[in-house]
Amino acid sequence: MATTVAAPSYAPPRTQAAEAKGGIWSWIATTDHKKIGVLYLFTALFFFIFGGLEAAVIRAQLAAPNQSLVSAELYNQLFTMHGTTMVFLAIMPLSAAFFNFLIPLQIGARDVAFPRLNAFSYWVYLLGGLFITAPIFFGLAPDGGWFGYAPLTTRQYSPGLNIDFWVLGLQILGISSLAAGFNFITTIINLRAPGMTLMRMPMFTWMSFVVQFLVVLAFPVITVALVFLQFDRFFGTNFYTLSAGADPLLWQHLFWIFGHPEVYILILPAFGLVSEVIPTFSRKPLFGYSVMVYSGILIGFLGFGVWAHHMFSVGMGPIADTVFGLTTMLIAIPTGVKIFNWMSTMWGGALKFTTPMLFSIGLVSMFTIGGLSGVSHSSPPADLQQTDTYYVVAHFHYVLFGGSIMGIFAGIYHYFPKMFGRLMDERLGKWHFWINLVGMNLTFGPMHFSGLLGMPRRIYTYDANQGWDLFNMMSSVGTAIIIVATLIFVWNFFASLRRGPVAGRDPWGASTLEWSIPSPPPAYNFAELPTVTSRYPLWDLTEGDLTKEHHEAPEARDRRIPTAKELGIPMPADTAKPALAALGLTVMVGGMFLKHVNMTVFLAVVGTGAVVFVGALYAWLTSPLEEAH
Amino acid sequence: MTATAMPAGTGAAHGGDAHAHGHHYTTTGLDNRKIAIWALIGSECMLFASLISTYLIYKGKSLVGPYPHEAWTDPATGTVYNPILNIPVTSFSTFVLLMSSLAMVLAHNAVVNKGKPRTGFWQKLEGNSVFWLVATALLGTVFLMCQAYEFTSFVHEGLKLGTNLFSSSFYTLTGFHGAHVAAGVLWLWTLAFIDLKRGLGPADGISVDICALYWHFVDVVWIAIFVLLYLIK
Numbered sequence: 001m002a003t004t005v006a007a008p009s010y011a012p013p014r015t016q017a018a019e020a021k022g023g024i025w026s027w028i029a030t031t032d033h034k035k036i037g038v039l040y041l042f043t044a045l046f047f048f049i050f051g052g053l054e055a056a057v058i059r060a061q062l063a064a065p066n067q068s069l070v071s072a073e074l075y076n077q078l079f080t081m082h083g084t085t086m087v088f089l090a091i092m093p094l095s096a097a098f099f100n101f102l103i104p105l106q107i108g109a110r111d112v113a114f115p116r117l118n119a120f121s122y123w124v125y126l127l128g129g130l131f132i133t134a135p136i137f138f139g140l141a142p143d144g145g146w147f148g149y150a151p152l153t154t155r156q157y158s159p160g161l162n163i164d165f166w167v168l169g170l171q172i173l174g175i176s177s178l179a180a181g182f183n184f185i186t187t188i189i190n191l192r193a194p195g196m197t198l199m200r201m202p203m204f205t206w207m208s209f210v211v212q213f214l215v216v217l218a219f220p221v222i223t224v225a226l227v228f229l230q231f232d233r234f235f236g237t238n239f240y241t242l243s244a245g246a247d248p249l250l251w252q253h254l255f256w257i258f259g260h261p262e263v264y265i266l267i268l269p270a271f272g273l274v275s276e277v278i279p280t281f282s283r284k285p286l287f288g289y290s291v292m293v294y295s296g297i298l299i300g301f302l303g304f305g306v307w308a309h310h311m312f313s314v315g316m317g318p319i320a321d322t323v324f325g326l327t328t329m330l331i332a333i334p335t336g337v338k339i340f341n342w343m344s345t346m347w348g349g350a351l352k353f354t355t356p357m358l359f360s361i362g363l364v365s366m367f368t369i370g371g372l373s374g375v376s377h378s379s380p381p382a383d384l385q386q387t388d389t390y391y392v393v394a395h396f397h398y399v400l401f402g403g404s405i406m407g408i409f410a411g412i413y414h415y416f417p418k419m420f421g422r423l424m425d426e427r428l429g430k431w432h433f434w435i436n437l438v439g440m441n442l443t444f445g446p447m448h449f450s451g452l453l454g455m456p457r458r459i460y461t462y463d464a465n466q467g468w469d470l471f472n473m474m475s476s477v478g479t480a481i482i483i484v485a486t487l488i489f490v491w492n493f494f495a496s497l498r499r500g501p502v503a504g505r506d507p508w509g510a511s512t513l514e515w516s517i518p519s520p521p522p523a524y525n526f527a528e529l530p531t532v533t534s535r536y537p538l539w540d541l542t543e544g545d546l547t548k549e550h551h552e553a554p555e556a557r558d559r560r561i562p563t564a565k566e567l568g569i570p571m572p573a574d575t576a577k578p579a580l581a582a583l584g585l586t587v588m589v590g591g592m593f594l595k596h597v598n599m600t601v602f603l604a605v606v607g608t609g610a611v612v613f614v615g616a617l618y619a620w621l622t623s624p625l626e627e628a629h
Numbered sequence: 001m002t003a004t005a006m007p008a009g010t011g012a013a014h015g016g017d018a019h020a021h022g023h024h025y026t027t028t029g030l031d032n033r034k035i036a037i038w039a040l041i042g043s044e045c046m047l048f049a050s051l052i053s054t055y056l057i058y059k060g061k062s063l064v065g066p067y068p069h070e071a072w073t074d075p076a077t078g079t080v081y082n083p084i085l086n087i088p089v090t091s092f093s094t095f096v097l098l099m100s101s102l103a104m105v106l107a108h109n110a111v112v113n114k115g116k117p118r119t120g121f122w123q124k125l126e127g128n129s130v131f132w133l134v135a136t137a138l139l140g141t142v143f144l145m146c147q148a149y150e151f152t153s154f155v156h157e158g159l160k161l162g163t164n165l166f167s168s169s170f171y172t173l174t175g176f177h178g179a180h181v182a183a184g185v186l187w188l189w190t191l192a193f194i195d196l197k198r199g200l201g202p203a204d205g206i207s208v209d210i211c212a213l214y215w216h217f218v219d220v221v222w223i224a225i226f227v228l229l230y231l232i233k
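Sequences listed follow chains A and B, in order. Numbering follows the numbering used here, in which position 111 of the first sequence is assigned residue number 111; successive positions increment by one, without gaps. Numbering follows the numbering used here, in which position 30 of the second sequence is assigned residue number 30; successive positions increment by one, without gaps.
Check each hint, because a few of them may be wrong.
A short, non-exhaustive set of chain A residues, derived as facing chain B with CB atoms under 10 angstroms [what the hints assert, rightly or not]:
id : residue
1  : I185
2  : A225
3  : F235
4  : P248
5  : L594
6  : G609
7  : W620
8  : S623
Cut-off 27 angstroms, straight-line C-alpha distance, at most; resulting in silico cross-link-like pairs (DSSO-like, lysine-lysine) [what the hints assert, rightly or not]:
id : chain 1 : residue 1 : chain 2 : residue 2
9  : A       : K577      : B       : K197
10 : A       : K595      : B       : K160
11 : B       : K160      : B       : K59
12 : B       : K61       : B       : K160
13 : A       : K577      : B       : K34
If you are wondering where the hints come from, they were derived from the structure by calculation, not from laboratory data. All figures in this text were calculated on a predicted structure; none of them were measured in a lab. Using N, Cα and C, we set each Cβ at its ideal position, and we do this for glycine too.
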């Protein structure tokens with residue numbers, strides 16, 4: 001019989017599915033950060049699969065020379081939407097799923113600071129994501145690359161509706177990210193439980209905190225760049241019109257001032273997740289906690305000073321090239337510090353190679369490969385050889401797939417039991433990990449070679465006998481292997497939802513507050529706000545006995561978790577107003593593409609959207625958050 | 001394991017009263033909205049920094065006129081265009097916007113000191129929050145009317161949105177600022193309406209406070225725009 005460890009007094013008494021409220025309406029109207037986190041997770045996984053299928057078509061087309069599986073036009077749409085989908089609709093929202101689900105639990109809060117704004121963020125994301133994705137079924141998907149370089153994307157060179165969908169869709173998605181950014185900054189500053197000082201916060205919350213600052217400071221810049229492009233395309237301004245004297249680099253500068261912090265927006269949450277997993281399965285506190293915090297902040301800070309390393313080939317001159325080369329090399333220092341700290345955490349630990357741990361180690365090793373190739377093109381002369389080749393594609397896929405996605409998978413396996421009350425299957429999880437690892441290296445490893453042999457990015461086909469054939473075939477076979485791995489994951493995910501072993505409060509013997517409450521947690525999270533006295537409250541509670549398994553005592557099984565009402569805890573009321581406001585906003589902004597289709601329809605649609613948006617916003621802001629009681 | 005010995009449970013008694021009815025516990029003691037509005041302002045700084053930088057980068061780069069500070073003769077038609085920017089009118093609207101910030105401060109003051117005994121016309125005026133809220137909103141509205149006049153007269157003088165780089169960056173920047181003022185005016189009218197309907201008291205101080213922070217920020221941005229666009233040639 002497993003040893004029973006007394007639950008802390010602030011935890012509700014029992015582990016059992018929370019108040020069962022079903023139905024689709026309970027999801028549309030929910031303001032519960034945990035349910036919104038689950039919505040983010042499912043939606044983002046859907047888009048991850050969708051973006052993966054786009055990549056699969058790309059790799060099928062490139063498997064051999066001179067194939068014509070897709071046309072050049074469709075190929076442009078595929079690589080544009082693959083990038084856009086993975087960045088804005090998959091990795092960012094997968095991180096947001098964890099922000100939503102975990103941050104309030106990790107800091108000991110009942111919810112986020114603005115629960116309805118949180119729902120609004122999700123619905124804007126979902127609707128904006130559908131808006132930007134749907135056109136591919138009509139052959140009208142954006143086709144200017146995920147970076148949408150102007151003047152290529154101006155009306156003169158891209159006359160179709162494709163880029164309109166991209167511009168408007170990204171504006172909509174930006175609003176979602178900004179609203180979430182304000183919400184989480186406020187949540188982390190202001191809703192920490194008593195005793196949860198900044199330097200006691202779990203590392204995931206810390207990295208998320210840094211990310212929110214990056215979001216609120218970087219997204220306004222791309223908003224402005226997109227507004228310029230939108231005005232150029234819709235209202236005849238000439239921000240990007242070279243014949244009017246415009247600077248051809250304006251877009252590139254604005255885009256990358258956003259785009260490089262965006263890279264850290266994508267990776268830091270994954271860093272945070274593995275910083276939760278590695279100490280748990282090494283049975284040691286995180287090595288160099290404060291240095292991890294400072295290096296995260298430093299990465300965020302330096303992230304704003306390296307943008308022009310994306311532009312070495314445009315001829316900025318030796319001084320600018322040198323400065324941005326140096327700042328880029330500098331950023332390798334705090335990143336390297338993190339790698340060494342994870343290794344030092346594992347050093348001498350009682351390692352347990354569970355699936356989340358394997359994926360975390362996968363991140364540490366694969367991200368390091370991507371980081372090293374990144375350092376190799378921080379040098380402008382080297383970059384001139386590598387830029388716009390598959391070498392760069394290899395680099396950022398090691399960072400984003402080997403880094404972000406590996407970290408997110410670690411997070412999913414680690415927190416699945418907390419989210420759904422059941423564990424995922426470990427055997428299938430390990431199959432997923434190893435097949436995924438092989439597939440990813442086979443896909444992206446050879447791209448280093450095809451790139452250095454001169455294969456450019458974004459070409460829809462190539463001639464034989466340039467030395468690229470074998471490497472491309474390897475990459476395509478690797479993609480098929482990744483698909484197999486992903487299918488195993490999907491099967492494991494859904495099968496475990498129904499049949500996984502019941503997890504209990506803290507199946508991994510982890511240390512932070514979220515593991516002190518039942519799985520899944522009740523709506524109010526904590527029956528009483530906890531008081532925190534250290535970085536590892538649950539490890540303190542078990543007084544150093546970290547190896548015992550934590551299971552609920554059998555006699556406690558049947559006790560029901562009290563509802564918020566019974567405990568007298570005021571809860572935010574369910575409301576669909578944020579979803580309605582999101583719908584109005586999406587119709588208002590998205591409907592603008594109709595300007596070049598039919599003026600009357602355009603005015604009617606945008607006007608209706610505006611009325612719905614403003615009306616729902618007023619109704620929401622003038623109604624109280626909580627039900628009267 | 002470096003366990004700080006105190007079990008986490010012992011502190012629960014302190015946390016326990018944190019959800020006392022109607023008062024939510026916050027770490028800093030500040031209202032959530034106050035922190036969120038500062039985060040919003042930080043974000044808005046980047047928005048306006050991008051817009052202003054673009055204007056400055058494109059300054060003097062327009063291939064055709066009209067220009068902001070100097071006259072321009074169209075070589076094709078021989079038409080002479082006057083310098084576009086009208087400093088006296090904009091100085092007046094800038095003054096109006098600055099005064100609206102003063103009224104905003106007085107509105108906030110009146111709300112948080114509601115219930116203080118006041119005698120005489122001037123003291124009562126000082127405590128009349130509806131008056132000050134409406135005054136702020138009206139001054140903001142006057143500013144918007146000045147901007148509407150400005151835009152209209154510029155168009156009549158030959159500066160349309162797509163005329164040159166100057167017109168594109170000028171209208172977009174000042175238009176974005178105007179949209180922010182318009183949102184603020186709407187916010188102020190809403191507050192004034194609520195004040196008229198049920199009366200705002202010291203408990204509503206935060207609602208006025210965050211509106212005031214936003215309003216002052218929009219005002220400060222205008223100072224930057226006025227100096228960088230209008231005064232520096």
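Hints, verified against the model:
The interface hint given for I185 (chain A) holds, since its Cβ lies 5 angstroms from the closest Cβ of chain B, which is under the 10 angstroms cut-off. Taking 10 angstroms as the C-beta cut-off, the interface hint given for A225 (chain A) holds, the closest approach to chain B being about 8 angstroms. At its closest, the beta carbon of F235 (chain A) sits 6 angstroms from a beta carbon of chain B; the interface hint therefore holds under the 10 angstroms criterion. Interface hint status for P248 (chain A): violated, as the beta-carbon distance to the closest one in chain B is roughly 12 angstroms, over 10 angstroms.
With a least beta-carbon distance of about 20 angstroms to chain B, the hint placing L594 (chain A) at the interface is violated under the 10 angstroms criterion. Hint status for G609 (chain A) relative to chain B: violated, with the closest Cβ pair at about 17 angstroms, above 10 angstroms. With a least beta-carbon distance of about 13 angstroms to chain B, the hint placing W620 (chain A) at the interface is violated under the 10 angstroms criterion. For S623 (chain A), the interface hint is violated, since its Cβ never comes within 10 angstroms of a Cβ in chain B; the closest pair sits about 13 angstroms apart.
In summary, the hint linking K577 (chain A) to K197 (chain B) is supported, as the alpha carbons are separated by about 24 angstroms, within the 27 angstroms threshold. Restraint check for K595 (chain A) and K160 (chain B): satisfied, since their Cα atoms lie roughly 20 angstroms apart, inside the 27 angstroms limit. With a C-alpha separation of about 17 angstroms, the suggested pairing of K160 (chain B) with K59 (chain B) holds against the 27 angstroms cut-off. Taken as a hint, the K61 (chain B) and K160 (chain B) pair is honoured in the structure, with Cα atoms around 17 angstroms apart against an allowance of 27 angstroms.
Taking the CA atoms of K577 (chain A) and K34 (chain B), the gap is about 23 angstroms. The hint holds against a cut of 27 angstroms.
This entry does not satisfy hints 4, 5, 6, 7 and 8, going by the numbered hints stated previously.
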